[in-house]
Amino acid sequence: MSKEPIIYHLAKDEQYEDLDIEKALTREAWSVALAEMAEERPEIVVLSADLIGATLACRFADRYPERSFNIGVAEQDLIGVAAGLALTGKIPVVATFSVFLLMRACEQVRTDICYPNLNVKLIGTASGLSFGLGGVTHATTEDIAIARALPNMVVIVPADYLETAQAMHAAMARQGPVFIRVGRSAEPVVYATEPSFEIGKAHQLREGNDVTLIGCGVMVFESLRAADILRDQGTSARVIDMHTIKPLDAEVVLTAARETKAMLTVEEHTIIGGLGSAVAEVLAEAGVEVRFKRIGLPDIFATSGRPDYLRELYGLNGKAIAEHATALLDK
Amino acid sequence: MSKREYIPLTSERIRELTLKANDIRRELVKMFGIAGGGHFGGSLSAVEIVAALYFDVLRMSPNDPNWPNRDRFILSKGHASPAMYAALCDLGFFPRSVLDNFEKPGNPLTMHPNMHKVPGVEASTGSLGHGLPIGVGISLGARLDGRDYRTFVLMGDGEIQAGSVWEAVMCAAHYKLDNLVAIVDRNRLSCDGLIAELQCQDPLLPRWEAFSWKGREVDGHSVGEVAAALRAVPYEPGKPSVLIANTVKGKGISFMENKPSFHRANISPEQTQQALAEIATRREEWS
Numbered sequence: 000m001s002k003e004p005i006i007y008h009l010a011k012d013e014q015y016e017d018l019d020i021e022k023a024l025t026r027e028a029w030s031v032a033l034a035e036m037a038e039e040r041p042e043i044v045v046l047s048a049d050l051i052g053a054t055l056a057c058r059f060a061d062r063y064p065e066r067s068f069n070i071g072v073a074e075q076d077l078i079g080v081a082a083g084l085a086l087t088g089k090i091p092v093v094a095t096f097s098v099f100l101l102m103r104a105c106e107q108v109r110t111d112i113c114y115p116n117l118n119v120k121l122i123g124t125a126s127g128l129s130f131g132l133g134g135v136t137h138a139t140t141e142d143i144a145i146a147r148a149l150p151n152m153v154v155i156v157p158a159d160y161l162e163t164a165q166a167m168h169a170a171m172a173r174q175g176p177v178f179i180r181v182g183r184s185a186e187p188v189v190y191a192t193e194p195s196f197e198i199g200k201a202h203q204l205r206e207g208n209d210v211t212l213i214g215c216g217v218m219v220f221e222s223l224r225a226a227d228i229l230r231d232q233g234t235s236a237r238v239i240d241m242h243t244i245k246p247l248d249a250e251v252v253l254t255a256a257r258e259t260k261a262m263l264t265v266e267e268h269t270i271i272g273g274l275g276s277a278v279a280e281v282l283a284e285a286g287v288e289v290r291f292k293r294i295g296l297p298d299i300f301a302t303s304g305r306p307d308y309l310r311e312l313y314g315l316n317g318k319a320i321a322e323h324a325t326a327l328l329d330k
Numbered sequence: 000m001s002k003r004e005y006i007p008l009t010s011e012r013i014r015e016l017t018l019k020a021n022d023i024r025r026e027l028v029k030m031f032g033i034a035g036g037g038h039f040g041g042s043l044s045a046v047e048i049v050a051a052l053y054f055d056v057l058r059m060s061p062n063d064p065n066w067p068n069r070d071r072f073i074l075s076k077g078h079a080s081p082a083m084y085a086a087l088c089d090l091g092f093f094p095r096s097v098l099d100n101f102e103k104p105g106n107p108l109t110m111h112p113n114m115h116k117v118p119g120v121e122a123s124t125g126s127l128g129h130g131l132p133i134g135v136g137i138s139l140g141a142r143l144d145g146r147d148y149r150t151f152v153l154m155g156d157g158e159i160q161a162g163s164v165w166e167a168v169m170c171a172a173h174y175k176l177d178n179l180v181a182i183v184d185r186n187r188l189s190c191d192g193l194i195a196e197l198q199c200q201d202p203l204l205p206r207w208e209a210f211s212w213k214g215r216e217v218d219g220h221s222v223g224e225v226a227a228a229l230r231a232v233p234y235e236p237g238k239p240s241v242l243i244a245n246t247v248k249g250k251g252i253s254f255m256e257n258k259p260s261f262h263r264a265n266i267s268p269e270q271t272q273q274a275l276a277e278i279a280t281r282r283e284e285w286s
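Just so you know, the sequences run in chain order U and H.
Going by numbering that gives the first Met the number 0, the residue at position 148 of the first sequence is 147; the numbering climbs one at a time, nothing skipped.
Going by numbering that gives the first Met the number 0, the residue at position 282 of the second sequence is 281; the numbering climbs one at a time, nothing skipped.
Please note that the accuracy of each hint is not assured.
[As the list claims (entries may be wrong)] Stretch-level coverage of chain H by chain U, calculated; a stretch enters the list once three of its residues show a Cβ under 8 Å from a Cβ in chain U:
{"hint": "1", "region": "26 to 36"}
{"hint": "2", "region": "111 to 122"}
{"hint": "3", "region": "133 to 146"}
[Said to hold, decoys possible] Computed spacing ranges between beta-carbons, pair by pair:
{"hint": "4", "chain 1": "U", "residue 1": "G52", "chain 2": "H", "residue 2": "D144", "range": "24 to 30 Å"}
{"hint": "5", "chain 1": "H", "residue 1": "N65", "chain 2": "U", "residue 2": "S195", "range": "50 to 56 Å"}
{"hint": "6", "chain 1": "U", "residue 1": "E21", "chain 2": "H", "residue 2": "G145", "range": "42 to 48 Å"}
{"hint": "7", "chain 1": "U", "residue 1": "T302", "chain 2": "H", "residue 2": "Q200", "range": "49 to 55 Å"}
{"hint": "8", "chain 1": "U", "residue 1": "G71", "chain 2": "H", "residue 2": "L90", "range": "37 to 43 Å"}
{"hint": "9", "chain 1": "H", "residue 1": "D147", "chain 2": "U", "residue 2": "E38", "range": "25 to 31 Å"}
{"hint": "10", "chain 1": "U", "residue 1": "E280", "chain 2": "H", "residue 2": "P64", "range": "38 to 44 Å"}
{"hint": "11", "chain 1": "H", "residue 1": "H115", "chain 2": "U", "residue 2": "E35", "range": "51 to 57 Å"}
{"hint": "12", "chain 1": "U", "residue 1": "I20", "chain 2": "H", "residue 2": "L197", "range": "54 to 60 Å"}
{"hint": "13", "chain 1": "U", "residue 1": "E21", "chain 2": "H", "residue 2": "G237", "range": "48 to 54 Å"}
Read the hints as simulated data drawn from the structure, not as lab findings.
Where is the CB? At the ideal position from N, CA and C, for every residue including glycine.
So that you can see chain U by itself, here it is in the shape it has in the complex (with noise of 0.2 Å):
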């Protein structure tokens, strides 16, 4: 049985030591923009277990007390208070850590709010590698494909603060669960302006001809990183940010499978169920040829350590994606 490696943690920015990246917390993108709407929609109140400073729900919380409820550490009751509140025709608005919202209250997820449809939006934070120092117990690499396994639920992994902020206004103004997946530090910021936001609607964020990188999350940024690397190489590669995990933009993935000779998915979650499966399930079922592989975490539970860290040793960084990339077309 061999040892994991000791780990020593890089320095921060370290990889990107050359660029002066801008950075923001998504983790209070979607509270802000909450905290926007409240006072034109009274409906709208916002849940934690004991997590309303570390997800920053506080944001709305602070201004919006009377409207703000600490279940404490109880999810499952934490879940059901909230479809509650809905059946009163309020817009519960869930936050926390993704392995407690999706997992210790999974069951209260999919029967209190899925099956009847309720309109709640759940926030999971901490998710992906950004908690990497909180480990397998607080990070979690699985709740893209829980969440997309429930019905009625759509799926939301947005690339960064502007469009997560977008991506609560149109989660707000639809009917119905929506899950939006954020993680814990300040990730790169992928969009100067405010983007337009749809549901459903990817953003192509490059074109390109060779080979296409599909992204969520933070994963959006690096993927934007490796088509730099690429192009630098004489590789063309367009840039798909899938925000929207459910209903997934098949056309958007059709049209990149026939116009460029190779496809990666890049996700901080295992390969299992996330964003390359949803894509690897519509090229399978069109029957498109194409070189196809998922980036993310194998079948494992991740080390514990910094993002840069983690991001590096699972290969979920620009270089990394470049170099799969690279492979993928020359085989």
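Fit chain H to the given chain U structure using the hints.
For chain H alone, coordinates are given in the frame of chain U:
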């Protein structure tokens, strides 16, 4: 919370409610007869509680099932749905023909109730331990809206083994939800047998009161006692109320009473006739 007006609980009123309970018992046996079987035990133990709620305590409007000021009733022990269906049908929420096709393909009345299919059903229940948290949410919603309706949640005593129930018990007390009422149909049997042998729950009422609820205990088959106790909520201002209703699983059908095998059972046409005959005899005694 505004004071409710009720019909005086005279012996004649109690007789009326007892006959309603008997009617529910008859209808649910017929429904299970149509289906060829069902959750007899826990449905029969809940009959007087359901009758007291629907025919005496709940403020509602069958012509307007979504009336915002209606009292809410959540049948958290969703497997007792036929008792609720019988009451809703009697009150005119849906026609008789629907009741007569219980569990038939396409019929809205299913083993576990679906709020989107059946008028008057407040929540889609069936998975145990879900109703009380939902009740807490509705009670918080009522408070936010400044409405004075109450929310009643009926659970089984097997159900209250679920941790989610106790999460909600703590939460309701924290928010001082005196518009919330939990009712425990304490028939002392669950799917696998005697609850006391699975997980001892005694002393039950002190456990709830230790969590800052205020409770009462009644004979759950005395519809008058149940109605009087439910009329009296909240038992203490600023506290949620719990009513422990001591019941008999399979109540009213001699060969089902206290029989774990009748938690859910198939039933022959002969057994159905015998059960209906026992219920008819009791109706004559009360008429």
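(request) Compare the structure with the hints numbered earlier in the document and write down the numbers of the violated ones, lowest to highest. (result) Of the numbered hints, 1, 5, 7 and 11 do not hold.
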